[in-house]
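Colleague: Given chain R's structure and the hints, the job is docking chains W and Y onto it.
Chains as they are written, first to last, in the working numbering: chain R, 88 to 461; chain W, 103 to 966; chain Y, 35 to 269.
From the derived model, a few chain Y residues whose C-beta atoms are all more than 12 Å from chain R:
#, residue
1, R81
2, G130
3, P161
Lysine-lysine pairs mimicking DSSO-like chemistry, simulated, CA-CA at most 30 Å apart:
#, chain 1, residue 1, chain 2, residue 2
4, Y, K162, R, K237
5, W, K797, R, K369
6, R, K369, W, K564
7, R, K369, W, K647
8, R, K237, Y, K234
9, W, K560, R, K369
Read the hints as simulated data drawn from the structure, not as lab findings.
From a predicted model like this one, the values you see are computed outputs, not experimental measurements.
Where a beta carbon is used, it is the ideal one built from N, C-alpha and C, also for glycine.
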Amino acid sequence: MRVLPLSFAVVLAVASALGGLLVLPGGARAQQQASPGTASSSGGSLSQDDIARMLPSTDMGANAARNADPHLAPVNDSPATPFDAAPIPHNPLAPDAQAIGAKTCVACHSLENVQASHSLHVASFRAGAANTGPQAACESCHGPGSEHAKNPTAPGSIIAFTHGSATTPQTQQEVCLGCHAGGARQHWIGSVHQERGLSCSDCHNPMARLSPEGVLAKPSINEVCATCHKDIMAKFNRRSHMPLPEGQMSCVDCHNPHGTLTRPLLKTDTVNETCYTCHAEKRGPFLFEHAPVRESCLNCHDPHGSNQQTLLVAPLPMLCQQCHTMTRHPNDLQVPTNLGNGSTPDERLMGRACLTCHTNIHGSNNPSGSRFHK
Amino acid sequence: MRTIKPMPFAILLGLAGCCMALPAVAGDGSDSMRVGDLQYGNGLDPRGWTPLMAPGDEGMSWLHPGQLRTPSGALYPYPYGPPTRPLGGGDWTYWGLLELGYIHVNGDRNAEFFRQYTDWKNGAALGLFALGFDNRKTGGYVEFRGSRLSADDQYYRLRAGRYGSYKIEAFYRDIPHTVSTSAYPVWNGVGSTDLTLPSGLTPGDSTIAAVQQASRDAPRRSIGLTRTREGLSLEGELYRHWIGYASVTNEERNGTRLWGGPMFFSFAFPSTGSPYGGNGGVLETVRPIDFTTTDVNLGLRNVGKLWRFNAVYTGSFFRDHKDHLNYQNPFLITNVVGLPNAGLVTDGQFSLEPDNDYHNLRLELSRELKWHGELSLAAAYGTMRQNDTLLPPVNCTGTLGFAGGPFQQLIPCADWNTTAALSESSAHARIDTGLFDAKLSFHPSSAFGWHADLRYYKEDNKTRYLAYNPLTGQYGYISENGSQGSVVPGEVGIFDNGYYSTSNVQIANIPFGYDDTLFELGVDWNASRDNSFNLVYTFDHNEPKHRERKRLDEQRLKLSWVSKSLGDATLRASIEYADRTGGHYDYDPYEAYYSASLPGYVPADGIAPTAFTVDAMRKYDMSDRKESKARVILLYPLGESSTVSATFYGSRDQYDAQVGRQNTRTTGFTGEWDWQPSPRTNASVYVGAESTHLKFANVADNEAIVGAAGSEDPSLGGPLYPLENYWHDLDNERDYNAGVNFSHDFGRVRLDLGWNYTQSLSKLDYAYASTAALTHPDAAALTPDDAFPNNHYRSSTFSASLGFPVTRSVGVRLFGQYQSGSFLDWHYLGFDDTLVYDHRIYTDEGPQLHYSVTVVGVMLNVKL
Amino acid sequence: MTRTSILLLAMALAVAAAGRAQDAATAASAAAPAAPFADLRRQAPVRGDAQAGAGKATVCAACHGPQGVAVAPTFPNLAGQSATYLYVQLKQFKEGQRRDPVMSGQAAPLSDADMRDLAAYYASLAPKPAGPADESSRGAQLYAAGDPANGIPPCQGCHGADAQGPRPVPNGKPQPPWASFPHLRGQSAIYLAKALGDYKSGARADNSNARVMQGVAQTLGDEDVQALGAYLSTR
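Bound conformation, chain R alone (with noise of 0.2 Å):
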């Protein structure tokens, strides 16, 4: 226990120097900028067009898309932050609904506003408000608001993100994608997650606080994942397991559920890679493999967690018996007389069984390894 105070204080020595060191730079920037507010304020003399117009754009630069779009002024002035500029989405269930502004949304969404200013999403329009006046980073997800406004319960009036909502899922996906296309998501089209129908707002929820980042729609990502996946997630209860159950790991290490080159939503080019990114050693290569180990990882093991040990699919000898049938020792029927507790105790079966002896078996680089037990 001695060492705690020490990395304790390494811990709070560290946060508080960064909490410092932010604020100069912040104090800085924040000097460099037009006086916030006043756009808003001067008010009366904007109309909804202008207001469209300033409207934010915020594929972190889309100001190439912007200038693209003969229906938007053209812009080459940089914004303050990459949120200033989102355009606003076309809903085609109100296709003459206008921009009304953020202000105007908040005035009845006014605890919607306080939630979402948790959230990073939100706050980041915000910041892109304080620089720019009035601006629809509402309208920047939910589309021109004032049919809404008019008959709020009218169906498609607003685009809407849950349960209930008229706006399709397809168009749903589109607002998110019109800022967030690419990187992660660059295989979002024609994932399973996409032909099932979902929708962003599935799993994530950029409405509130709710996950510590990844604006999730509950507070981990696997839970998040177990709204659907239970099955897999209750093989996290068995006994031998990944660490998803002690905190120590998510279905998103492995997974990318925006979509992936592979059918599993693998982020790797096949399975054995996204084990190597943690068993590296496994990786190699070795002077001698085994084939079905250099083949795929899934052929023993189920990642998601077992009733055997080290995540096998079937208890040990068996395992290795449903291929291996040559001559002499690998191909006798094992019998519980066999066992520790018998009257004939056999290598074979006891303990790691096969592996007491073939113990690199997931490929050997010793000269004498051929059978893996160098």
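Modeller: Coordinates of chains W and Y only, in the frame set by chain R:
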């Protein structure tokens, strides 16, 4: 006990500090693109955030009660908003929480399943320290989270940046993994590369009684490891819409794992009553884990209106600081022909994993097309390489083996215990991979869409190694540290044109690899607003290298249905059918890698080499297979504040194999009810059950004729693999899960209660044509049930927590957890009596059969 | 317990004690406890006995008029008002979330049944006849479309296109307590201005609907309030 290594941590943070000065603009996160380090938590708080989950009474909106649901129908939790306070006079605000307290563990605190991934300790613990700073004007932010249960179980994580501009992350974490808490290794030097026998045991010449005594005297130890990871990453705009990403992570993995030690098999040599026991040697040893892995990730992307480009480089550099394990063998190993052995077999050796380097570069390009279409191309090249210096074939000294009459089987160690005995001094191992993927999709109308995908992947193993000893001119190797050659005539592992000319041994590595081409065609049909269908056909053509089949073709059809027409419910159902076939199945594709293919090979007594395996064997990754799967996922909103969800799933696999895996079946169900009547109250109940089944067949060979006429016949039903030696194993497993969780904030006190239960039962049955399938046919009479004892794993955890606010910003939380479990695995039966069985030494007694352990603690909670 | 853990706990307790002292100080400076916040989000439509209410309305008529149309523009017209709205207001006068020199005293002796009956009675009365409203006035425009440039939302979203209450389309989502939103048609301009002023100043803030109106009222300038009053009172 270790602590944070201050230097690397300080360097990381220093780097983070420098990066903040970068005038970058842009960048949304790409975390979900990269493997690992997305979750920071521990056994005390798996979410790593729970103390901050205190919803206010207000809810989400003044306009309506309750909480909204996801489009599929699950309730969003009520918002937890950390109250922010202004920091100084500027635009920065901050929030923070410190949870600090004391944990006490009572009962079987060393139970393996209790400690598996959590380093529970008595003493002070940092539940959570979380701090956040936000600048409402610039969008700048800094967030920190940390928790510490012990020096081996802690995390600290910092994120900082400016919304939409750049982001920096730095972390340090220790992850414990306990493999066994009841290990009794007899060797000295556990954790090092040299396991030596304790005084009282003589290498190669100990009595069984002495080994037993040494095992009894061995102290109990834990086997396990700690992963210490630290990392730094930076993401931001580099130049006009080009977003860059860079990260470095480093992991030190230290500890031990259970390992092996073969000195030839022992089951065939029952003790004859000699104090030195039978023959052979089977040693469960302990290996060191001392790894360093450094990963580098670089990414560059451009997201335009039409084009999207993404380039990712991944480099991983693995270093094994203990790349071998030497161990001593206590047992006397003698030959079966009654000659005196030239020397004692005392030393064994393992090569542990070599260092390796890995590079992967992936380029992705997508373009939007008309009709809501997209063309997406991806190509990747990867290479994994290692060129470690090879160890000599054996580490013995002097002379092993025996000589007399026709058996001139001496193994002069000096000819083999030097790297001069190798055809190459280093491994030159390399596998290159290539990936190309092209996908085209169109949705010309909202009702209809289609996509086509072509994926090609290649794994090319370039390793070529010939087991040739230039010192002796012999091929092959020394099997099992010279022990096999010290026991059985002719079976040293060597081939030459003299004494060993009848020996059929592996003389080269087999460079396994494959080319895989996958074509997919899918159509979407939105039949109505509430019903949509999706049909996908996949053709997977695989060309394995040096395997039993040169070609494997799988056709797969999957139909999915998403329905919102059942009231408020969302139903997602799919059925899938796949049929795998392939080319000719060659039961022995490895001939070229064995000495029987070399000139000078002479079949013993004129009989062709013994059949490699039975020709009816179909390995399950290569066999014909028919697969069907079905799955239904239902989310049903029940009233305003609760949700019922259920999944039903099943799969059936039929393998066309007389010998080998024949079928597998899985059927399961889960159900859950979640209730969230107000921000103060939460409850859930869940149940789950799954049944799995696996059946395979094998055939014991007729060992009496090995080397005699007929042993070259691979056919099932032939003399070597007679039908009366045919047998089956049937593995049936059942898993049950249940749990209840409830929490309510009474205002003066917040109560959290939970019970989570899991139970697994495994039953292994077998069937055989005749008792000849058994090693000891007489044993059949002793096991009339034709079944192994049932394995089980049961775990039940009650947890309770009471939180009292003391002031507005200070609270106290008392918590307790009672976990109990029971376990049986027949692999370990008898190990509680002895770990030494004639010429076998076991180290791991196995997980505890019963355990119960209580964790209690008090945490002081301060909102900063 | 080891020495370090004791030390850490002691530190933590010290922080706690400091926090408590601070809290005590702020608590002392706070005002006397107010009436509990009324969460109207689950407010169900209210029903009562209109006939019985008629019998209890004698005192009310003094200000609100014998037919629910106020005797002076300082008092609100109650005729045809939403019963739920009326009930909630009476209840809040009684419980103290809403305060008025006259109404607080008047509501104090009323039983729950009294309040329901009175609410039902006034809801059953015919509203004041429509007036010659100017549909091109700024008030009309604010009511129907708001003024986005100033962040003013249209009133009609909650108070109905005809100012006679909302007509929501059911959609399976959690719904606002529509019935508790007042009808504004024909309401006195002076009373409307007072109500909006009370929302804006926070004098009326102790229920969830008031929290919504607080946000809305803050977007309205004095001229906006007058324009709305002029429009609605003549409608």
